[in-house]
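Protein chains in written order, with this note's numbering: chain V, 1 to 238; chain W, 239 to 476.
Calculated directly from the structure, the hints in this document are not laboratory data. Don't take each hint at face value.
Stated by the list, open to error - Below, simulated DSS-like cross-link-like pairs (lysine-lysine); rule was C-alpha separation at most 30 angstroms, straight line:
1. V:Lys215 <-> W:Lys266
2. W:Lys354 <-> W:Lys419
3. W:Lys266 <-> V:Lys146
4. V:Lys181 <-> W:Lys455
5. V:Lys190 <-> V:Lys215
6. V:Lys190 <-> W:Lys266
This one's a predicted model, so the numbers in the text were calculated from it and none came from an experiment.
Protein chains: 2
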Amino acid sequence: MPYTYEYPRPSMTVDCVIFGLDQSHKLKVLLIQRDHAPFEGHWALPGGFVDMDESLERAALRELEEETGVRDVFIEQLYTFGSPGRDPRGRVVSVAYYALVNLGEHPVKAASDARKVEWFEVDQLPELAFDHAQILAVAVGRLRAKVRYQPIGFELLPELFTLSQLQQLYETILGVAELNKRNFRTRILKMGVLREMGRQEGVAHRPAMLYSFDKEKYEQLAKERYEDLLRRGVDFEI
Amino acid sequence: MPYTYEYPRPSMTVDCVIFGLDQSHKLKVLLIQRDHAPFEGHWALPGGFVDMDESLERAALRELEEETGVRDVFIEQLYTFGSPGRDPRGRVVSVAYYALVNLGEHPVKAASDARKVEWFEVDQLPELAFDHAQILAVAVGRLRAKVRYQPIGFELLPELFTLSQLQQLYETILGVAELNKRNFRTRILKMGVLREMGRQEGVAHRPAMLYSFDKEKYEQLAKERYEDLLRRGVDFEI
């Protein structure tokens, strides 16, 4: 039945899984060290309670900026986690968001509920507060599934890049040492978001082809969220 | 900041988008007619407020059964809708779920907050309460995108079926009059979930091949939810 003062209601939070790529070829995630109980001193995802007047997405971006300094990030809704026992404070339902950024473009600075902020390799995580390890696992899975049907790399690579560089980006995200080069090239060119821009110059080895992203085509495919799936659903490519 | 009696919190609801298929080759959705304000007399998605002690999924299944009599449905989380203005009663955040069922296996009966319950063709909808038209549009888009990468049809077709019957099911879901037959066959066989079971007998025309679903392979692919994406992400097929 509808909530009244007699019937308590759950609390709502948002949590952010911000993945980062850099030159290390290791997929990283942004974590904060909690400054308050519960789980004080534990590492956790940035996040917090949703205000009454803001959208969920705005709440996620606000908490992210307040706790880590990170802003101007394209986030997507991941999943809503509502198991009754997930938070010792009581019934807290969390709407999780995720993003993939170029680590170098986002300096971090802890503030608000965060004592420290740091990038961690996703396969070298500390113990996390609440059910954040589970949220993170779901986010990693979503990111890896997403690269199968949406192009990535636009903000993460230089303006001109080789297919080897793009392949390395995929290998980093997928956490695999090496993808089959020929298959990768076939599939990535089939996505139709790359433009040949001419061969490398001034290199000792055989010059590789340089590519750039066809920005319009890329954005048409890459920026889709569930809200846009209706349009895409009609473009079933059979 | 965390909620206290001084700082109100949003309410949480769940909403269910139950798609149904029957012999009509028109994709349908289950709607209820609201028996209370707001939007009394309007058609809407079945749903309601989440109790403090139940998971979101259990809340969705409970409200669905209470309002429509429908049960034993495999639901998946669709998206969480949290725009501040979406509900005139105040701040209500709704976690939406969806499912696809064989209409004939689910008799419906209105009860609780529902005055009536009925299946509607998705392209012949009445005006809906709240933002349910938007939720429904997102659900249709998700269903249509989902059929691109996960097999469907197991509960919806007879045990033995022809590729034409399976193609018709896809055409119904996608809302297209006709898919390219050769492309469809190639792609559907490539999914690897079908088994040839021998040709039709006793038909006037040229007997078509009958297929069944390889249940194990099918379930491995079809029952995945976001919680399972981590595993699938590792199986990147490059």
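Problem - Structure-inconsistent hints, enumerated in ascending order - result: 1, 2, 6
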